[in-house]
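Undergrad: So the sequence lines, in the order shown, correspond to chains A and B.
1225 is the number that my numbering gives to position 111 of the first sequence; each next residue is one higher, with no gaps.
1286 is the number that my numbering gives to position 172 of the second sequence; each next residue is one higher, with no gaps.
Hints are computed from structural coordinates only; laboratory data are not their basis.
Please note that the accuracy of each hint is not assured.
It does not matter which identical chain is used: a pair holds within one copy or between any two.
What the hints assert, rightly or not - The calculated lysine-lysine pairs, modelled on DSS-like cross-linking and capped at a C-alpha distance of 27 Å, are:
#1 Lys-1283 x Lys-1174
#2 Lys-1415 x Lys-1211
#3 Lys-1204 x Lys-1406
#4 Lys-1211 x Lys-1406
Number of protein chains: 2
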Amino acid sequence: MIDAVVGIDIGGTTTEFGVVDRKGKCLKANSINTRQYTDLEEYLKCMHLEIQNIINSIYKDINIKGIGVGAPNANHFRGTIENAPNLNWKGSVPFVKKLKRYFPGWPVALTNDANAAALGEMFYGGAKNMKDFVVITLGTGLGSAFVVNGQLVYGHNGLAGELGHVNVKHNGRLCRCGNRGCLETYVSATGIRRTFFNLLRTGSAKSSLSGVGFQKITSEMIYEAAVKKDRLALEAFNITGEILGRKLADVTAITDPEAIFLLGGLAQAGNLIFNPTRNAMEKNLFPIFRGKIKILPSKLKRDSAAVLGAAALAWQNRD
Amino acid sequence: MIDAVVGIDIGGTTTEFGVVDRKGKCLKANSINTRQYTDLEEYLKCMHLEIQNIINSIYKDINIKGIGVGAPNANHFRGTIENAPNLNWKGSVPFVKKLKRYFPGWPVALTNDANAAALGEMFYGGAKNMKDFVVITLGTGLGSAFVVNGQLVYGHNGLAGELGHVNVKHNGRLCRCGNRGCLETYVSATGIRRTFFNLLRTGSAKSSLSGVGFQKITSEMIYEAAVKKDRLALEAFNITGEILGRKLADVTAITDPEAIFLLGGLAQAGNLIFNPTRNAMEKNLFPIFRGKIKILPSKLKRDSAAVLGAAALAWQNRD
């Protein structure tokens, strides 16, 4: 008999789930398409079936200790997913309550995707022996999670970690939240596209992407152009890293972390984003912090990180 | 027999100390002049004598359980006071180690003054039932302390809470830390003086303080002028509150506190500083936080707050 948990990561496109043992070994995993289910009950029914299937397909006897779920706009305290712009289910969804009906008797915990990523890093990744660290996820938006004294910072309303919405520029770029100048309008896959487009419009240098329409330019294409030394693409990465690094200097002044992890699509660009970020942070740090703060990539494999994070939440919920 | 602790608050000018019981009642207090002691041992000797005197002068039998010390630039982890610009003792002073020699057998804990203020507020003041809150001290500089899950945030190096050194303006005002544009160069007693002086130099309106030299203008004089509806003095308070409020919106996005307490000299200006701060914070908040975050004054009496904070640290150190 092996003790294990189920980790579920809900993304806008795909929902991934896996059965994970105490040591972070994913015994079996699968996924369903999130977008095809406009009806939440249909989605839960299908997920329940698929999870039962993978549990039954494992050759050993499995004792499931609980379920952990990572999702965008999740509220850990309330067990709800609230107004997630990339999901089909609108308003405040009592996700934990509904999921429990399909898995009676199993403890279910829910948290937002950045928090789940931080727990994954803390249980199984690069933050194993750390008590104070920050995780930044650079995807369509910018997510963040803060760990202090070995605990996730949830805050009074369960809404902490909205670093994507600190202000970079007064009356700056319009953000989907309604405010102007939020960090994620500059530092995210969407943000670097906006920066690159501005450079295309106003820049002195030519770019290999000059002839491509804005809507067709992805952050991956900017990355590929930068690898080929496209000057405007490189400049877009430098500007993005410069803005992020300056904010990480502020984050350090407040929380004094041992390390800051950069995760998600944009972080895959490696030194193109890490170098300008590190340089700008170091330059803007309150002097006593200089040389003390590490900016690191994830130590988890990209294809299993989200499920491992959700699994870590399930284990933590048992302890 | 009454259990009590000794709380010591070291300021640049005065060192205050008192004997405080479990409920936060200050049984007896006194102070010495910090500045007159260039030699640390002389200072400790005198303080030891005075503390013994007040303990002996209390009519009941007192069982001292420990000492708590709040001081500028204190490192809680190391028990040191490090390069405090307003104290006579330069370099890194092993304060706890030295103080213990005078009070053998008594546990001694040290923390910086903003952290001590937060503990005082949490044990005896307005944060009694709060687990997540922020304290901002507006004195010569800007100090801050963050409480998360009921615990002070010390960070990895014991240096967390340097909100005074987050950036407000790229290439802004020169700060004593060497960087430019730090929050405390705008929001502090010194900051409002710099703002007021800029307004005097460039402002369109006249001020009752126009004839007074810059070096002679204090933040108290600006306050008094503002109370009398001096337009430039009012504008200085509005600008200061606006900058602070915007930063508190960022602080909220990161930590989601129940309340933010404004303490110290500048906070004594009441609505002159609280109103523009509240308005600017609310306007710049990530929408989900609007209407949820309180900005509050201290609930402790100003003359005993610092000693009570240090006493709270001593009690916490025993628990």
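Undergrad: My question is about Lys-1415 and Lys-1211: at a cut-off of 27 Å on alpha-carbon distance, are they close within one copy, between copies, both, or neither?
TA: neither (31 Å within a copy, 47 Å between copies)
Undergrad: I want to check one pair: Lys-1211 and Lys-1406. Are their C-alpha atoms no more than 27 Å apart within a copy, between two copies, both, or neither?
TA: between (43 Å within a copy, 26 Å between copies)
Undergrad: With identical chains, the pair Lys-1283 and Lys-1174 could be close in the same copy or across copies; at 27 Å between alpha carbons, which is it: within, between, both, or neither?
TA: neither (56 Å within a copy, 60 Å between copies)
Undergrad: My question is about Lys-1204 and Lys-1406: at a cut-off of 27 Å on alpha-carbon distance, are they close within one copy, between copies, both, or neither?
TA: Only across copies: Lys-1204 and Lys-1406 sit 23 Å apart there, 43 Å inside one copy, limit 27 Å.
Against the hints set out earlier in the document, violations occur for numbers 1 and 2.
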